[in-house]
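Protein chains in written order, with numbering that gives the first Met the number 0: chain A, 0 to 205; chain B, 0 to 205; chain C, 0 to 205.
Hints may contain errors.
[Said to hold, decoys possible] Here are the simulated lysine-lysine pairs, DSSO-like style, with alpha carbons at most 27 Å apart:
1) C:Lys177 x C:Lys192
2) C:Lys154 x B:Lys158
3) B:Lys177 x C:Lys158
4) C:Lys137 x C:Lys192
5) A:Lys137 x A:Lys177
6) B:Lys42 x A:Lys177
7) A:Lys177 x A:Lys158
8) C:Lys203 x B:Lys203
9) A:Lys154 x B:Lys177
10) C:Lys158 x A:Lys42
11) C:Lys137 x A:Lys103
12) B:Lys158 x B:Lys192
13) A:Lys103 x C:Lys154
14) C:Lys177 x B:Lys158
15) C:Lys177 x A:Lys177
16) A:Lys158 x B:Lys42
17) C:Lys154 x C:Lys203
[Claimed, not checked] Quick look at which bits of chain B chain A covers, simulated, 3 or more residues with Cβ under 8 Å:
18) 61-67
19) 168-178
[Said to hold, decoys possible] A few chain C residues facing chain A, derived, Cβ under 10 Å:
20) Ala168
21) Pro170
22) Ile171
23) Ile174
24) Asn195
25) Glu198
These are calculated hints, taken from the structure and not from any lab test.
For every residue, glycine included, the Cβ atom is placed at its ideal position computed from N, Cα and C.
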Amino acid sequence: MRLRLTPRDTTFFDLLGSLARHLVTGASLLAELLGADAEGREKLAGRLRDEEHLADEIAHEIMRRLNQTFVTPFDRDDIYALTSALDDCMDSMEEAADLIVLYKVEELPRRVSDQVQVLHRCAELTADAMPRLRTMGKLVDYWVEVNRLENEADKLHRKLIAHLFDDIADPILLIKLKEIVDVLEDAADHFEKVANMVETIALKES
Amino acid sequence: MRLRLTPRDTTFFDLLGSLARHLVTGASLLAELLGADAEGREKLAGRLRDEEHLADEIAHEIMRRLNQTFVTPFDRDDIYALTSALDDCMDSMEEAADLIVLYKVEELPRRVSDQVQVLHRCAELTADAMPRLRTMGKLVDYWVEVNRLENEADKLHRKLIAHLFDDIADPILLIKLKEIVDVLEDAADHFEKVANMVETIALKES
Amino acid sequence: MRLRLTPRDTTFFDLLGSLARHLVTGASLLAELLGADAEGREKLAGRLRDEEHLADEIAHEIMRRLNQTFVTPFDRDDIYALTSALDDCMDSMEEAADLIVLYKVEELPRRVSDQVQVLHRCAELTADAMPRLRTMGKLVDYWVEVNRLENEADKLHRKLIAHLFDDIADPILLIKLKEIVDVLEDAADHFEKVANMVETIALKES
Numbered sequence: 000m001r002l003r004l005t006p007r008d009t010t011f012f013d014l015l016g017s018l019a020r021h022l023v024t025g026a027s028l029l030a031e032l033l034g035a036d037a038e039g040r041e042k043l044a045g046r047l048r049d050e051e052h053l054a055d056e057i058a059h060e061i062m063r064r065l066n067q068t069f070v071t072p073f074d075r076d077d078i079y080a081l082t083s084a085l086d087d088c089m090d091s092m093e094e095a096a097d098l099i100v101l102y103k104v105e106e107l108p109r110r111v112s113d114q115v116q117v118l119h120r121c122a123e124l125t126a127d128a129m130p131r132l133r134t135m136g137k138l139v140d141y142w143v144e145v146n147r148l149e150n151e152a153d154k155l156h157r158k159l160i161a162h163l164f165d166d167i168a169d170p171i172l173l174i175k176l177k178e179i180v181d182v183l184e185d186a187a188d189h190f191e192k193v194a195n196m197v198e199t200i201a202l203k204e205s
Numbered sequence: 000m001r002l003r004l005t006p007r008d009t010t011f012f013d014l015l016g017s018l019a020r021h022l023v024t025g026a027s028l029l030a031e032l033l034g035a036d037a038e039g040r041e042k043l044a045g046r047l048r049d050e051e052h053l054a055d056e057i058a059h060e061i062m063r064r065l066n067q068t069f070v071t072p073f074d075r076d077d078i079y080a081l082t083s084a085l086d087d088c089m090d091s092m093e094e095a096a097d098l099i100v101l102y103k104v105e106e107l108p109r110r111v112s113d114q115v116q117v118l119h120r121c122a123e124l125t126a127d128a129m130p131r132l133r134t135m136g137k138l139v140d141y142w143v144e145v146n147r148l149e150n151e152a153d154k155l156h157r158k159l160i161a162h163l164f165d166d167i168a169d170p171i172l173l174i175k176l177k178e179i180v181d182v183l184e185d186a187a188d189h190f191e192k193v194a195n196m197v198e199t200i201a202l203k204e205s
Numbered sequence: 000m001r002l003r004l005t006p007r008d009t010t011f012f013d014l015l016g017s018l019a020r021h022l023v024t025g026a027s028l029l030a031e032l033l034g035a036d037a038e039g040r041e042k043l044a045g046r047l048r049d050e051e052h053l054a055d056e057i058a059h060e061i062m063r064r065l066n067q068t069f070v071t072p073f074d075r076d077d078i079y080a081l082t083s084a085l086d087d088c089m090d091s092m093e094e095a096a097d098l099i100v101l102y103k104v105e106e107l108p109r110r111v112s113d114q115v116q117v118l119h120r121c122a123e124l125t126a127d128a129m130p131r132l133r134t135m136g137k138l139v140d141y142w143v144e145v146n147r148l149e150n151e152a153d154k155l156h157r158k159l160i161a162h163l164f165d166d167i168a169d170p171i172l173l174i175k176l177k178e179i180v181d182v183l184e185d186a187a188d189h190f191e192k193v194a195n196m197v198e199t200i201a202l203k204e205s
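Bound-form chain A, shown alone (with noise of 0.2 Å):
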């Protein structure tokens, strides 16, 4: 194992496991938001703003190495989407905390925590997943369960959409809590995304 841990593999590996950190720590700032007052809020959202940026040097950085690299770890378009897969994921979060900020939303529907958590659980075997690409090893667990969980968000976003149409009366706040709910079930989707990228790298090199 040790003697493959040469430069090459590590940069991107590491890299790709950072930037899925920021996806732990941008689910987690999301969570917290819920909680909050309205000036916490903005505050978290500010936070997850940091976030989202930090993930966007590193997927910038990636970018660039990558088009100075000749010989990648595996397939560089797969590299390429994979980056901008997880972008993808940090992106979505983001602008649902916008949104709720944005739109002065004071309480959300409960089940928008539950949405939540399954993507602060996506975020976080995408995590654990990253460094596992050098040796391809216990890849097929993650996205059999990343797989499960988007399963699960899609339920709840069904139900959750269920609930807005049938209980909220006011068209402007159905807009409202209806767009934010839709962008993480996004979020949701853009996991399930990574996960199908892994597998599709994991059987090319198989």
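Got chain A; can you put chains B and C on it based on the hints?
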């Protein structure tokens, strides 16, 4: 002709063909669903979901073979993109069915059936075209006709949107109908994308 | 310099340049449309649609040549992605014009003009940058400035959304205006994507 039917060719064309046949079934179920009552709609949306799963499995199988095959009948990336575009057609149709049930929309504007009929025609043309990729024969008619149909779908969609904003006073009903009508338009766009990809592939191979 | 102007180079750069010039015209028409009356708007949206068709034909021509040329000035996939990103800029601008006419929105918030002005500036910078791809000269200023403009567009968009939700009591008008303002923000995102692609290409070639 027969001589070209080596195993390497058969697989991908056959799989793309079956994937597209599920689109035809999907569009039929969607058309049937429009005319059904609440109970019937739920059942038909369930069957459309099953079709979507079957299509998904075929797409998965294509990806799996793609990653394990050295020689592909045409550019690997093109097969990948074509498969995922066919998948998008199915997803949009299933999403539309899903929304109709979830939103409990009793009456849909008449032109929604016209939208679905255009999708059904696109699906049939697509399913007929997939096997012809083997010999790249008579594909021009297919993509020209799908482009024409997408244009028709676009005009229908515009008329539907104008009608919704002119005639629906209840904003919540408007939100629901607009999303359904928009998702059906997305499906037409995806069929056009498939046709454009086939055109690109045919140009490369010519 | 002159020596590099072989036919193989000229074509793609010229075509990308003309494609981008249509974006400038498109943005001008969109700006004009905002200030026009209903009849004028319909006419200008028609002209924007014509521009979009012309741009589309150029994009098509680029794709056609891409598939028939063995040696391309830079990575085939990058030319493909750049072309389709330029196309997306046009599509969003045309869609915005289209929605304004279709939704019969008489008065638009003042900041919508600011959004369009930012798009116009992005289009100009993009059109100026395309020919410089030939020598990869002075491109840094271009992508830094477009990124700055996209940031400005983003802030404008957020302010517009907050204004809409604070000040528009009619939910149906809100739905219309929100979609227009969102589509204009999409256009700014697409211009940023073009700039980021140019950056990637320049990094690869450097």
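Less than 10 Å between beta-carbons is the criterion; does C:Pro170 satisfy it with respect to chain A?
4 Å, holds
Please work out if B:Lys177 and C:Lys158 have their alpha carbons no farther apart than 27 Å.
Judged against 27 Å, a Cα distance of about 25 Å means the pair holds.
Between C:Lys154 and C:Lys203, is the straight-line Cα distance small enough, at 27 Å or below?
It is violated: about 31 Å lies between the C-alpha atoms, which goes past 27 Å.
Hint check: is the beta carbon of C:Glu198 less than 10 Å from a beta carbon of chain A?
At 9 Å from the nearest chain A Cβ, C:Glu198 passes the 10 Å test, so the hint holds.
Is the Cα-Cα distance between B:Lys158 and B:Lys192 27 Å or less?
Holds, at roughly 22 Å.
Examine the region 168-178 of chain B for residues whose CB is less than 8 Å from any CB of chain A, and state whether their number is three or more.
holds (count 4)
For the pair supplied as a hint, C:Lys203 and B:Lys203, is the alpha-carbon distance within the 27 Å limit?
25 Å, holds
Hint check, C:Ala168 versus chain A [nearest Cβ-Cβ separation less than 10 Å]:
8 Å, holds
Go through the hint on C:Ile171 and say holds or violated, using the shortest Cβ distance to chain A against 10 Å.
8 Å, holds
Quickly compare the C-alpha distance for C:Lys137 and A:Lys103 to 27 Å and report which way the hint goes.
Given pair C:Lys137, A:Lys103 is violated - Cα atoms ~43 Å apart, limit 27 Å.
When you check the alpha-carbon spacing of C:Lys177 and B:Lys158, does it fall within 27 Å?
20 Å, holds
Proposed proximity, B:Lys42 with A:Lys158 (alpha carbon, max 27 Å)
18 Å, holds
Consistency with the previously given hints fails for numbers 2, 5, 11, 17, ordered from lowest to highest.
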